[in-house]
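Student: Sequence:
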Amino acid sequence: MIKRTTPPLITRNLPINLRQNDIQLFEKALTYQAHAPHAYTFHNINILKDHIFHTAKFTFLHSFSHILPFSAFSQWKKLSWFLQPPKVIDRGIWITDEWSAAYFHWLTDALTRLTVVEEKTDVSPVLLPARYQQIPYIQASLQVLNIKAYYYNPRKRLLVKELIIPAHTAATGNYNETIIQRLQEKFITNNNSPATRKIYVSRQKANRRTITNETAVISVLQKYGYEIHCFEDYHFSDQIALMQQSKVLIGLHGAGLTNMLFMPAGAQILELRNAGDTHNNCFFSLASALRHRYYYLANTGDTADTFHVNITVDIDRLTDTLEQIN
125 MIKRTTPPLI TRNLPINLRQ NDIQLFEKAL TYQAHAPHAY TFHNINILKD
175 HIFHTAKFTF LHSFSHILPF SAFSQWKKLS WFLQPPKVID RGIWITDEWS
225 AAYFHWLTDA LTRLTVVEEK TDVSPVLLPA RYQQIPYIQA SLQVLNIKAY
275 YYNPRKRLLV KELIIPAHTA ATGNYNETII QRLQEKFITN NNSPATRKIY
325 VSRQKANRRT ITNETAVISV LQKYGYEIHC FEDYHFSDQI ALMQQSKVLI
375 GLHGAGLTNM LFMPAGAQIL ELRNAGDTHN NCFFSLASAL RHRYYYLANT
425 GDTADTFHVN ITVDIDRLTD TLEQIN
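Add 124 to the 1-based position in the sequence shown for my numbering, that's all there is to it.
It is possible that part of the hints are untrue.
Claimed, not checked - Using 30 Å as the maximum straight-line C-alpha spacing, the simulated DSSO-like pairs for lysine-lysine come out as follows:
#: 1; residue 1: Lys-310; residue 2: Lys-272
#: 2; residue 1: Lys-322; residue 2: Lys-310
#: 3; residue 1: Lys-329; residue 2: Lys-347
#: 4; residue 1: Lys-201; residue 2: Lys-181
#: 5; residue 1: Lys-371; residue 2: Lys-329
#: 6; residue 1: Lys-285; residue 2: Lys-173
#: 7; residue 1: Lys-371; residue 2: Lys-322
#: 8; residue 1: Lys-280; residue 2: Lys-202
#: 9; residue 1: Lys-272; residue 2: Lys-244
#: 10; residue 1: Lys-181; residue 2: Lys-211
#: 11; residue 1: Lys-322; residue 2: Lys-285
#: 12; residue 1: Lys-173; residue 2: Lys-280
#: 13; residue 1: Lys-310; residue 2: Lys-371
#: 14; residue 1: Lys-371; residue 2: Lys-152
#: 15; residue 1: Lys-244; residue 2: Lys-181
#: 16; residue 1: Lys-211; residue 2: Lys-272
#: 17; residue 1: Lys-272; residue 2: Lys-322
#: 18; residue 1: Lys-244; residue 2: Lys-285
#: 19; residue 1: Lys-280; residue 2: Lys-181
#: 20; residue 1: Lys-272; residue 2: Lys-285
#: 21; residue 1: Lys-211; residue 2: Lys-152
#: 22; residue 1: Lys-272; residue 2: Lys-173
#: 23; residue 1: Lys-280; residue 2: Lys-201
#: 24; residue 1: Lys-244; residue 2: Lys-173
#: 25; residue 1: Lys-181; residue 2: Lys-202
#: 26; residue 1: Lys-173; residue 2: Lys-201
#: 27; residue 1: Lys-201; residue 2: Lys-211
Stated by the list, open to error - Derived Cβ-Cβ restraints for the label pairs, each shown as a range:
#: 28; residue 1: Asn-168; residue 2: Ala-330; range: 39 to 47 Å
#: 29; residue 1: Thr-183; residue 2: Val-344; range: 51 to 59 Å
#: 30; residue 1: Asn-137; residue 2: Ala-399; range: 17 to 25 Å
#: 31; residue 1: Leu-142; residue 2: Gln-328; range: 25 to 33 Å
Read the hints as simulated data drawn from the structure, not as lab findings.
Each residue gets a CB set at the ideal place from its N, CA and C atoms; glycine is no exception.
Let the sequences and hints guide you as you build the complete structure.
Tutor: Take a look at the structure:
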């Protein structure tokens, strides 16, 4: 288990193609005080749906299971579950919060917590709500990492005799570099073949956050030797294999860029961003943490809300950026 130490102050690498008048886009994310990795062991803990209840102290351990606040009523009405007999198991590991089922959060938040207690996974399964069993990348990633899971019924009270809880290794969208690099190494197999492929991940099958002139974008990318992929079409293990063979990854801000986690250090990442967005720097930060070279292109969007924006890419600036990457 990683011992608790003084957390380092992380200074992130600037984008390779940073324009001086764009520094404000990244200013809030240039430094970060990382969390010291640590874990706790509790005994006779009740799991009430997605809440962790410490019976002896008569309190909820919500900082380990939730990011967002919730009402006291929502919390305490869970105590009615004590009217039903529990399912009892000997041990387990808790790594999830309310966002963990999403691809980005599963890989960068949940699995980094698991990495903190990796030596415990031989005897303690990861505890996951039953619905996680139906999410292919969760099943596949645990298989790659050789991790056992126990899928519990969230409608029934679960009593865990020994529960290990690794704390979050960083606020979401930020990273403890030592931990995220250790996870990166676990996914990258020993492959002596050089990474030569150049990949553009398309969101044409997504129902939000798209590129209005993607046909023109793809035309330019193909002239520079880029392959066009929709990651939705691939099994998780095939995505890992593709990324290990790749030296460049380009995409609109979205879950597909999370796959830089599977690329060898030193890869080049180009994020197509929403112009003026100073908040969503999770992929800039991830690229720095994984020792990749990060490029960006700020683009005109139809809304300031990056979660829902559709952007129009400046083709001339895209061409200039591709020349820089080459």
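Student: Now tell me if each hint is right for this structure.
Tutor: Against the structure, the hints come out as follows:
no. : hint                             : verdict
1   : Lys-310 with Lys-272             : 16 Å, holds
2   : Lys-322 with Lys-310             : 23 Å, holds
3   : Lys-329 with Lys-347             : 23 Å, holds
4   : Lys-201 with Lys-181             : 17 Å, holds
5   : Lys-371 with Lys-329             : 24 Å, holds
6   : Lys-285 with Lys-173             : 17 Å, holds
7   : Lys-371 with Lys-322             : 6 Å, holds
8   : Lys-280 with Lys-202             : 11 Å, holds
9   : Lys-272 with Lys-244             : 11 Å, holds
10  : Lys-181 with Lys-211             : 21 Å, holds
11  : Lys-322 with Lys-285             : 49 Å, violated
12  : Lys-173 with Lys-280             : 7 Å, holds
13  : Lys-310 with Lys-371             : 19 Å, holds
14  : Lys-371 with Lys-152             : 28 Å, holds
15  : Lys-244 with Lys-181             : 25 Å, holds
16  : Lys-211 with Lys-272             : 19 Å, holds
17  : Lys-272 with Lys-322             : 34 Å, violated
18  : Lys-244 with Lys-285             : 15 Å, holds
19  : Lys-280 with Lys-181             : 21 Å, holds
20  : Lys-272 with Lys-285             : 18 Å, holds
21  : Lys-211 with Lys-152             : 46 Å, violated
22  : Lys-272 with Lys-173             : 20 Å, holds
23  : Lys-280 with Lys-201             : 14 Å, holds
24  : Lys-244 with Lys-173             : 24 Å, holds
25  : Lys-181 with Lys-202             : 16 Å, holds
26  : Lys-173 with Lys-201             : 12 Å, holds
27  : Lys-201 with Lys-211             : 19 Å, holds
28  : Asn-168 with Ala-330: 39 to 47 Å : 44 Å, holds
29  : Thr-183 with Val-344: 51 to 59 Å : 57 Å, holds
30  : Asn-137 with Ala-399: 17 to 25 Å : 22 Å, holds
31  : Leu-142 with Gln-328: 25 to 33 Å : 29 Å, holds
Consistency with the previously given hints fails for numbers 11, 17, 21, ordered from lowest to highest.
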